[in-house]
Amino acid sequence: MKRFLIPFGVFVALVLFLGIGLKLNPREIPSPFIGKPAPAFNLTQLNDEAKSIAPTDMLGQVWLLNVWASWCVSCRQEHPVLMDLARLNVVPIVGLNYKDGRAEGVTQLQQFGNPYLMSAFDFNGRVGIEYGVYGVPETFVIDKRGVIRMKYIGPLTPEIISGKLLPLIKELNRA
Amino acid sequence: MLATQAQTVTSTAATDNALEKHVLAVSEQLRCLVCQNQTIADSHADLAVDLRNQVREKIQQGMSDQDIFDFMVARYGDFVMYRPPLHTTTWLLWFGPFLLLFGGLFFLVRKLRQRQPEQQELSESEQQRSAQLLNSDAEHPSQEKETT
Chain A
1 MKRFLIPFGV FVALVLFLGI GLKLNPREIP SPFIGKPAPA FNLTQLNDEA
51 KSIAPTDMLG QVWLLNVWAS WCVSCRQEHP VLMDLARLNV VPIVGLNYKD
101 GRAEGVTQLQ QFGNPYLMSA FDFNGRVGIE YGVYGVPETF VIDKRGVIRM
151 KYIGPLTPEI ISGKLLPLIK ELNRA
Chain B
1 MLATQAQTVT STAATDNALE KHVLAVSEQL RCLVCQNQTI ADSHADLAVD
51 LRNQVREKIQ QGMSDQDIFD FMVARYGDFV MYRPPLHTTT WLLWFGPFLL
101 LFGGLFFLVR KLRQRQPEQQ ELSESEQQRS AQLLNSDAEH PSQEKETT
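Order-wise, the sequence lines are chains A and B.
For the first sequence, the positions run 1 to 175 when the numbering used here is used.
For the second sequence, the positions run 1 to 148 when the numbering used here is used.
Certain hints may be false.
DSS-like, lysine-lysine: derived pairs with alpha carbons at most 27 Å apart [stated by the list, open to error]:
id, chain 1, residue 1, chain 2, residue 2
1, B, Lys-58, A, Lys-99
2, A, Lys-144, A, Lys-23
3, A, Lys-51, A, Lys-99
4, A, Lys-164, A, Lys-51
5, A, Lys-164, A, Lys-144
6, A, Lys-164, A, Lys-151
7, A, Lys-2, B, Lys-111
8, A, Lys-2, A, Lys-164
9, B, Lys-58, A, Lys-36
Calculated directly from the structure, the hints in this document are not laboratory data.
Using the sequences plus the hints, can you model the full thing?
As structure tokens, this is what we get:
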């Protein structure tokens with residue numbers, strides 16, 4: 001009986017490790033951006049080609065940078081959540097329209113509502129690469145000094161917003 | 001005139017070829033974040049194409065391979081390296097298999113050593129009997145010997 005205990009123990013350990021492995025999300029990649037200044041860019045605004053937009057415009061306030069596109073299905077899923085967040089009026093949301101057409105992006109916002117203070121138009125995805133974007137939607141929380149404090153990959157949910165985002169924003173606003 | 005034109009064409013083709021090879025070599029070491037088990041050289045994902053273009057541009061700008069890897073790691077983290085870099089946090093990943101190998105060898109050797117004492121020496125009566133058998137064998141040579 002005893003000699004089966006060791007293989008059995010090894011088996012149990014293996015099952016445990018595999019179980020933990022199943023629970024891990026391979027999409028959650030630690031972002032190297034946390035605590036680093038938000039990469040600079042200067043893009044035109046989605047709604048107005050004549051106006052430009054840069055992260056430095058937002059210095060002095062806590063803000064969100066939300067990467068979205070009209071072709072992105074999970075962004076539609078996220079959209080009502082962003083609308084609710086915008087209605088709360090606690091944090092300005094800046095959009096980064098990623099590899100999209102200007103007309104498509106504008107139409108999308110007209111049709112479903114615009115939660116963004118403004119959206120930057122990143123036609124070729126260059127700025128997306130600067131921000132390490134690999135799965136739209138992505139959301140960055142940026143503090144008053146322009147430092148990235150949090151990155152969330154995938155559609156925001158009401159739980160994430162009330163549980164993580166709002167407390168962080170509150171804390172950053174106090175600082 | 002035609003000859004020189006042809007020459008410039010072939011020479012740019014040759015440098016293009018070398019450049020593409022270089023791009024491929026660098027791309028093969030970068031992970032596609034969208035399809036995680038592929039490199040950006042293998043993947044047809046939109047992002048992989050963009051990143052390959054970035055690699056090409058950076059090579060043309062004269063950046064070294066290491067500079068390009070640093071650029072990617074600064075944006076996408078260590079995960080973008082197809083061969084995970086050696087850090088204190090990745091020691092287990094790199095040396096774990098060797099740890100298992102040596103652990104296994106250790107147990108195997110220990111088991112084999114334990115097994116040896118089981119080969120007991122012959123008891124006295126057994127020794128006598130073996131001597132008897134050997135002796136009788138000597139007195140009655142085998143048939144093979146007789147035939148030779």
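Structure-based check of all given hints:
At roughly 21 Å between alpha-carbon atoms, Lys-58/B and Lys-99/A fall within 27 Å of each other, so this suggested pair holds. Proposed proximity of Lys-144/A and Lys-23/A is contradicted: the alpha carbons are some 35 Å apart, above 27 Å. In summary, the hint linking Lys-51/A to Lys-99/A is supported, as the alpha carbons are separated by about 19 Å, within the 27 Å threshold. Only pairs whose Cα atoms come within 27 Å are accepted, and Lys-164/A paired with Lys-51/A is rejected, the gap being roughly 33 Å.
Taking the CA atoms of Lys-164/A and Lys-144/A, the gap is about 18 Å. The hint holds against a cut of 27 Å. The hinted pair formed by Lys-164/A and Lys-151/A meets the criterion: a straight-line CA distance of about 11 Å does not exceed 27 Å. Distance hint between Lys-2/A and Lys-111/B is fulfilled; the C-alpha atoms sit about 15 Å from each other, no more than 27 Å. With a C-alpha separation of about 49 Å, the suggested pairing of Lys-2/A with Lys-164/A is violated against the 27 Å cut-off.
Between Lys-58/B and Lys-36/A the alpha-carbon distance is near 23 Å, which keeps this suggested pair within the 27 Å criterion.
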